[in-house]
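Number of protein chains: 4
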Amino acid sequence: MPQVVYLPLGKREQTKVQNRQAILNAAREVFSEMGYDNVTVRDIVRRTGLAAGTFYNYYNSKEEVAAALSADGARRFAPILKAQRAQATDWETFVRAAIAAYFDFVAHEHQSWLATRSADERSIHARNETPEMQAVFSEVRDCIVDEIARGGARGVDPDFLAAACIGVAREVANRMLLRRPYNTKAATDFAVTMILSGVNGLQDI
Amino acid sequence: MPQVVYLPLGKREQTKVQNRQAILNAAREVFSEMGYDNVTVRDIVRRTGLAAGTFYNYYNSKEEVAAALSADGARRFAPILKAQRAQATDWETFVRAAIAAYFDFVAHEHQSWLATRSADERSIHARNETPEMQAVFSEVRDCIVDEIARGGARGVDPDFLAAACIGVAREVANRMLLRRPYNTKAATDFAVTMILSGVNGLQDI
Amino acid sequence: MPQVVYLPLGKREQTKVQNRQAILNAAREVFSEMGYDNVTVRDIVRRTGLAAGTFYNYYNSKEEVAAALSADGARRFAPILKAQRAQATDWETFVRAAIAAYFDFVAHEHQSWLATRSADERSIHARNETPEMQAVFSEVRDCIVDEIARGGARGVDPDFLAAACIGVAREVANRMLLRRPYNTKAATDFAVTMILSGVNGLQDI
Amino acid sequence: MPQVVYLPLGKREQTKVQNRQAILNAAREVFSEMGYDNVTVRDIVRRTGLAAGTFYNYYNSKEEVAAALSADGARRFAPILKAQRAQATDWETFVRAAIAAYFDFVAHEHQSWLATRSADERSIHARNETPEMQAVFSEVRDCIVDEIARGGARGVDPDFLAAACIGVAREVANRMLLRRPYNTKAATDFAVTMILSGVNGLQDI
DNA sequence: AATGAATGAGCCTTCATTCAT
DNA sequence: AATGAATGAAGGCTCATTCAT
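Chains as they are written, first to last, in this note's numbering: chain D, 2 to 206; chain S, 2 to 206; chain A, 2 to 206; chain B, 2 to 206.
It is worth saying that the hints were derived from the structure and are not from the lab. Careful, some of the hints might be misleading.
Any copy, or any two copies together, can satisfy a pair, since identical chains are not distinguished.
Quick list of in silico lysine to any residue cross-link-like pairs, SDA-like style, CA-CA up to 20 Å [unchecked claim]:
| # | residue 1 | residue 2 |
| --- | --- | --- |
| 1 | K186 | D205 |
| 2 | K83 | S71 |
| 3 | K63 | Q19 |
| 4 | K186 | D158 |
| 5 | K83 | A150 |
These numbers were taken from a predicted model, which means no experiment stands behind them.
Using the sequences and the hints, build the whole thing.
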């Protein structure tokens, strides 16, 4: 069984790890607040408090930071998705598994974000989709496409179906986050029921 | 009853109208080709052929142009939606009406765009959602929310439901546009069936 | 016979011509004072007093400015060289013609430069070879290579000879400029005599 | 009589000497490949493999490195020039001696450079004049000026003459290096003959 | 009202140099 | 003494916006 060993780091290594993390955190924040396209490298750097040039010791561009965030999101999401998917033997349980994993992750991430923000900040800023969430989202999409290819939801246009599932999941999850307190289970149930019933309806035609 | 009167315009006014329209057209194009966030005022102006300064005689910023495009989209979409909605007496027909109006509009807009592009251009550029489409989209959303408020789809969480409808419509419409030739009716049927069956399923709980 | 006609220019055109010229002048100065490689676009702009961005309305890079200066130098030098060369029928007169043209031009340019500088400035700064002078120099080189190819200085390694002529001309011209007052004729005579006698010596071997 | 004593060095001192030398070698290379003006301290350090900060334990700037290279060049060149000059009793033998020393040194340096380069590298890069070569060059100039001051080449403008000698030597040497294989003796003879005959011609006036 | 050059803020990136380890 | 990350000053370049013509 794999075991994580934390080697003691020298001060230098510590700072490096911290800075790298600080950049990722700052990037996540500004991406979310200003929208990926509108963010400049300087926006990220400003948020970290580091010097302008320091950024380039860690990443060469905004794109690289986004890639790192994506990878991070995918890495953290993968085990959740995997666990949920493990017991799924039929289309229905599978869909529930995938959607539930997504909603759980989204909820969890949002909680982390809320925790670091003041009440003011929480209400002021619109949240934009970060590279991380896009990556996670993409995983779900792939997973659904995969399952459809394997024969789930027979008789339904697979391309449209995947799109529809994605659409429902994304939009309902977004609404969920706006509620206080929010109820992950209820939202998941809603989305899953809607999708499964929808598919049944499509197969009846 | 309101009546539109077309007053004859002097030359000056004519040019003004033409320029205003030229800016909107150019903006629509570049928004669609480069994505709203990446577009600069200069991009719009370049496409126009007008002088840089002239832009500011009509709009004060990219945002204002976007607003104008949104208004334009809404204005053109409104009658379609209204007509479709006129005969709808129950929830089901209503949903079909709204979704169909949306798909028709999307398809029509896309056709216009295709018509002005060479084969090369059509394949090269990814299309991005323009302010217009967002406005249209928003109209549909409002319309659905409205209908739910009036008692459609009883027993279902109205907020989530509107979100889910929107999600399905948007994603399926996007996929539709990627097919050649595309079949508006099939896509509409898919989305409508999915939504209606989904709602039924939700009500059964 | 060609005739230069000066069309009256609007104020805008006037300013444009002036700015373009101001950039060239500034560039010539800083190239000469700091050396081409060390000059930045901002150095040029600073010297003009224009805004940073304005530079790019006229040239896209330092290189383009250098090219313009080169072209200008060549354009002004060509008639001088041509005139001097017109009567040359043998190698000896030809060499004298080319060298004299070069020394005249160099002296003339230097005078212009001196005229615009205070006594202080004249002594402080080392002068570096500007793109203009390089272009002029290059013309002379080509001209000599050309003449050797046509049979001048028979029996002598043409490649080395051209190099040697160039070397003598450049170095002697530079020394000439350091004297006050300087004597173009004496310097020209020196260089020419050295070259011609040198060639004779080489042919005797 | 001064005597060089080689003291045994401790490990520390050894490394120091090695690093200092490594920096000089790296600098020589990049100066030659990229041109002195275009080289940054980072370029030198990169070539070295040392850490950025280490550079400043040895030199405080690119200029200091250049000075060290100059000194090194002069130091290596001095004995050659001295030896050649020892037997020279008249102006003619002296000139030959000085020029020959220069051409020999240049050829030798170039050989060393070629030896450490692959065929590719040899052809790709233009070679630029390094601080070393400038120093060596300067030595030759001083030497000639010196000799003229002592009465060589009577009746000729000493300033112009030194310049002319320098011009011939530099340009012909550069051409020589471009030939494969190159013939140092032929090039030297060319330059020497040209100079001596030239001087004779000047004295006849 | 149209024009398009001028402006200067601001972005990305590199670099010389410092300094804690 | 060596290391290499941090710093902040420039430099190249683009852009929104203004304003004289």
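Hint check:
1. K186 - D205: between (28 Å within a copy, 18 Å between copies)
2. K83 - S71: Classified as within; 18 Å inside a copy, 42 Å across copies.
3. K63 - Q19: Answer is within: at 18 Å inside a copy they meet the 20 Å cutoff, but 34 Å across does not.
4. K186 - D158: Classified as between: cross-chain Cα gap 14 Å, same-chain 28 Å, threshold 20 Å.
5. K83 - A150: within (18 Å within a copy, 39 Å between copies)
This entry satisfies every hint, going by the numbered hints stated previously.
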